[in-house]
Amino acid sequence: MVSDAGGTRDIKTTALQSTVSFKLDIPWVKGLWLDGSASYDAGYVFTKDFQTPDYVYYKDEKTGELYKGRSGMGSDKANLSEKYENPTNLYMTAKLNYDHTFGVHHVGAMVGYEQSETKGNYLQAYRGDYVSISIPEIFAGSSDKNKQSNDGSSSQTARQNIFGRLSYDYAGKYLAQFTFRRDGSPNFPENKRYGFFPGFSLGWRISEEPFMKNLLFLDNLKIRGSYGKMGNDQVGAYQYLTTYSYGSNYVIGKNDVTGLVQNGVPNPNITWEVAKTTNIGFDSRLWNGLLGIEFDYFKTRRSNILTKRSAIIPDYTGLKLPDENIGIVDNKGFEMIVSHENYSNPLKYRLSANVSFARNKVVFSDEQPAAEPYQYATGRPIGSGLYYNAIGIFESEEQIESLPHLLNTQPGDIIYEDVNKDGQIDSRDRIRVNQTNTPEIVYSFNANFEYKGFDLSLLFQGQENAKQYFGSYFPVMSYSLGNFMEWRAKDRWAPENTKASMPRGSSSMWNNNTEASTQWLLNAGFLRLKNLEFGYTLPASICEKLWVKNLRVSFSANNLFIIYDHMKELGFDPETTDFWYYPQQRTYNFGVNVTF
Numbered sequence: 001m002v003s004d005a006g007g008t009r010d011i012k013t014t015a016l017q018s019t020v021s022f023k024l025d026i027p028w029v030k031g032l033w034l035d036g037s038a039s040y041d042a043g044y045v046f047t048k049d050f051q052t053p054d055y056v057y058y059k060d061e062k063t064g065e066l067y068k069g070r071s072g073m074g075s076d077k078a079n080l081s082e083k084y085e086n087p088t089n090l091y092m093t094a095k096l097n098y099d100h101t102f103g104v105h106h107v108g109a110m111v112g113y114e115q116s117e118t119k120g121n122y123l124q125a126y127r128g129d130y131v132s133i134s135i136p137e138i139f140a141g142s143s144d145k146n147k148q149s150n151d152g153s154s155s156q157t158a159r160q161n162i163f164g165r166l167s168y169d170y171a172g173k174y175l176a177q178f179t180f181r182r183d184g185s186p187n188f189p190e191n192k193r194y195g196f197f198p199g200f201s202l203g204w205r206i207s208e209e210p211f212m213k214n215l216l217f218l219d220n221l222k223i224r225g226s227y228g229k230m231g232n233d234q235v236g237a238y239q240y241l242t243t244y245s246y247g248s249n250y251v252i253g254k255n256d257v258t259g260l261v262q263n264g265v266p267n268p269n270i271t272w273e274v275a276k277t278t279n280i281g282f283d284s285r286l287w288n289g290l291l292g293i294e295f296d297y298f299k300t301r302r303s304n305i306l307t308k309r310s311a312i313i314p315d316y317t318g319l320k321l322p323d324e325n326i327g328i329v330d331n332k333g334f335e336m337i338v339s340h341e342n343y344s345n346p347l348k349y350r351l352s353a354n355v356s357f358a359r360n361k362v363v364f365s366d367e368q369p370a371a372e373p374y375q376y377a378t379g380r381p382i383g384s385g386l387y388y389n390a391i392g393i394f395e396s397e398e399q400i401e402s403l404p405h406l407l408n409t410q411p412g413d414i415i416y417e418d419v420n421k422d423g424q425i426d427s428r429d430r431i432r433v434n435q436t437n438t439p440e441i442v443y444s445f446n447a448n449f450e451y452k453g454f455d456l457s458l459l460f461q462g463q464e465n466a467k468q469y470f471g472s473y474f475p476v477m478s479y480s481l482g483n484f485m486e487w488r489a490k491d492r493w494a495p496e497n498t499k500a501s502m503p504r505g506s507s508s509m510w511n512n513n514t515e516a517s518t519q520w521l522l523n524a525g526f527l528r529l530k531n532l533e534f535g536y537t538l539p540a541s542i543c544e545k546l547w548v549k550n551l552r553v554s555f556s557a558n559n560l561f562i563i564y565d566h567m568k569e570l571g572f573d574p575e576t577t578d579f580w581y582y583p584q585q586r587t588y589n590f591g592v593n594v595t596f
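If you're matching positions, the sequence shown starts at 1 in the working numbering and goes up one per residue.
For the record, the hints were derived by calculation from the structure and aren't laboratory data.
A couple of the hints might just be wrong.
[Claimed, not checked] Label pairs and their calculated CB-CB ranges:
#	residue 1	residue 2	range
1	S37	S201	23 to 31 Å
2	Y451	G379	36 to 44 Å
3	T378	F178	51 to 59 Å
4	T88	L291	51 to 59 Å
5	V251	S37	55 to 63 Å
6	L560	Y451	15 to 23 Å
7	S303	Q115	27 to 35 Å
8	Y582	E209	50 to 58 Å
9	V235	D129	16 to 24 Å
10	T88	I162	18 to 26 Å
11	R224	Q424	38 to 46 Å
12	K23	L286	36 to 44 Å
[Claimed, not checked] Calculated pairs, DSSO-like style, for lysine-lysine (alpha carbon to alpha carbon, straight line, at most 27 Å):
#	residue 1	residue 2
13	K229	K308
14	K332	K222
15	K173	K145
16	K467	K490
17	K452	K361
18	K173	K192
19	K549	K348
20	K229	K276
21	K308	K361
22	K530	K568
Where a beta carbon is used, it is the ideal one built from N, C-alpha and C, also for glycine.
With these hints in hand, go ahead and build the complete structure from the sequences.
This is the structure in structure tokens:
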């Protein structure tokens with residue numbers, strides 16, 4: 001039981017946000033106008049954390065009495081940390097626009113410019129071992145240099161972009177659009193700083209053709225395709241520069257002297273990562289909305305991905321290889337939406353189902369030579385891990401002697417497959433598993449109903465073809481806590497339970513069962529009710545008597561329940577990617593919306 005969770009946190013924030021915008025119609029050219037905006041934001045954040053010792057109540061196992069004592073968490077004495085941050089951001093943009101219709105021809109065009117500049121200042125001070133908690137100020141902390149720290153930094157970055165769009169359609173039947181961006185990023189050297197990223201799309205509304213007019217059930221049919229090139233500069237800054245940091249202290253005489261250390265080998269040729277995407281699809285609507293189908297096929301090749309080569313620099317240099325634009329990854333798949341709607345009856349509703357499938361593959365990665373051909377990451381999905389293939393649990397010493405096994409294997413340990421059939425279990429037997437915690441299949445169901453003022457909306461979401469690895473937590477975490485999770489313990493191997501699905505219990509965190517294996521690779525598929533909202537809108541006649549224009553009451557809930565979940569008995573949320581992640585919250589809301 002916690003008695004005194006000591007300490008305070010004070011946060012003082014001052015913010016300035018300003019925006020100026022304009023629009024100017026150019027009178028001598030019909031459909032031509034100029035617009036733009038400028039904004040300046042500044043923030044001042046002061047944070048003061050004063051941590052005092054925590055106390056808890058302990059129970060005397062012999063007498064049953066409670067007594068107060070220091071918690072094992074936190075420090076023995078108070079400490080203080082103060083931080084000051086001052087971020088600013090200046091943003092400007094301007095666009096020249098044109099939009100006009102000439103009979104059956106419609107033309108639209110836009111060209112724009114934008115620029116941003118961000119600056120920041122940071123200052124921090126820490127003092128520990130406060131004699132008294134009555135004076136939570138920096139000067140009152142310990143004079144011991146080991147109980148003090150100070151830090152400060154400043155940053156500055158800027159961006160400059162030019163972009164544009166040109167569109168044309170003929171009678172709403174033949175559609176074409178061209179777009180471009182020329183983006184400048186501070187993360188690349190001057191001669192590699194700007195990237196040009198064009199794209200175009202074409203569309204054909206076949207349903208508008210004369211030869212389709214006799215198909216009365218067809219409301220709309222549109223075929224479309226697009227190709228685009230996009231850039232990514234969300235990478236580490238200053239990789240093209242030789243940078244240094246403080247570290248690797250040397251003792252000169254009797255003094256500990258701090259020196260500068262080169263962080264790594266610079267790459268003066270670093271530039272934009274590029275994604276080229278092709279998309280082909282169609283939209284259709286039939287029988288006045290009784291059936292709607294949308295379909296898209298897409299393929300993306302990401303190239304120039306920053307990654308390291310497999311060469312090795314000797315450790316004595318203290319350097320690391322730079323990232324180079326050499327990685328290539330493919331991603332392809334499809335997305336389909338099927339809908340049904342009917343608004344002609346008192347009960348109005350719309351139903352839709354969405355499913356998408358996407359699979360990625362590493363085309364090139366300059367990886368180290370693998371011990372076995374099946375261990376290469378190239379040709380596999382991003383993040384596919386190496387695991388021993390778990391094929392059972394050893395029931396007895398006799399079974400251990402009859403099968404290849406790791407050193408010190410005991411009854412109750414996991415049986416690992418001898419993949420390369422060499423009669424022993426070692427790192428060569430680890431295999432790549434193609435499924436990762438990124439789902440290949442994502443789907444949803446959406447339903448909306450309206451009836452005499454009542455409305456109901458439901459959203460179901462799910463995923464499949466995903467695996468979540470919890471090996472770092474199941475075998476180890478239970479030991480470190482001094483007990484086992486129920487799921488891990490209830491069907492563990494024991495002399496009286498040799499046909500178990502879980503390995504034996506152990507108080508050691510280091511044993512053959514903690515190896516990365518498919519034993520701890522779990523199915524992360526699920527289907528959950530993501531959102532629900534139910535409401536009622538009062539009739540206009542009642543609202544009039546209440547002197548209001550409109551009144552609606554509603555109830556909504558998020559993450560209400562999971563219909564099926566392979567991790568349910570484990571107590572994990574299948575959408576978390578790590579045991580330590582906080583699970584998604586279930587929320588309830590009641591609302592009243594009144595318009596006067």
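Results for each hint:
1. Taking 23 to 31 Å as the suggested C-beta distance range, the pair S37 and S201 conforms, at roughly 27 Å.
2. Range check, Y451 to G379: about 54 Å between beta-carbon atoms, so the 36 to 44 Å window is missed.
3. The hinted range of 51 to 59 Å is not satisfied by T378 and F178, whose Cβ atoms lie roughly 36 Å apart.
4. Distance hint for T88 and L291: a CB-CB separation of about 54 Å, consistent with the stated range 51 to 59 Å.
5. Checked against the hint of 55 to 63 Å, the pair V251 and S37 passes, with Cβ atoms roughly 58 Å apart.
6. Distance hint check: the CB atoms of L560 and Y451 are about 21 Å apart, consistent with the given range 15 to 23 Å.
7. Taken as a hint, the range 27 to 35 Å holds for the pair S303 and Q115, whose Cβ atoms sit roughly 28 Å apart.
8. At about 55 Å, the beta-carbon gap between Y582 and E209 stays in the expected band of 50 to 58 Å.
9. Checked against the hint of 16 to 24 Å, the pair V235 and D129 fails, with Cβ atoms roughly 41 Å apart.
10. Between T88 and I162, the C-beta spacing of about 24 Å keeps the proposed range 18 to 26 Å intact.
11. A beta carbon spacing of about 57 Å between R224 and Q424 contradicts the range 38 to 46 Å that was offered as a hint.
12. Under the hint 36 to 44 Å, the C-beta atoms of K23 and L286, about 41 Å apart, fit the expected range.
13. With a CA separation close to 24 Å, the supplied pair K229 and K308 stays within the 27 Å bound.
14. This hinted pair checks out: K332 and K222 have alpha carbons roughly 22 Å apart, not beyond 27 Å.
15. Only pairs whose Cα atoms come within 27 Å are accepted, and K173 paired with K145 is rejected, the gap being roughly 76 Å.
16. A distance of roughly 23 Å separates the Cα atoms of K467 and K490; the hinted pair therefore holds under the 27 Å criterion.
17. The suggested pairing of K452 with K361 is violated, with an alpha-carbon distance near 51 Å, which exceeds 27 Å.
18. Simply put, K173 and K192 have alpha-carbon atoms about 41 Å apart, too far for the 27 Å limit, and the pair is violated.
19. Our distance criterion of 27 Å between C-alpha atoms is met by K549 and K348, whose separation comes to about 23 Å.
20. Simply put, K229 and K276 have alpha-carbon atoms about 5 Å apart, close enough for the 27 Å limit, and the pair holds.
21. For the hint linking K308 to K361, the alpha-carbon distance of about 18 Å falls within 27 Å, and the restraint holds.
22. For the given pair, K530 sits about 16 Å from K568 by alpha-carbon distance, which is consistent with the 27 Å threshold.
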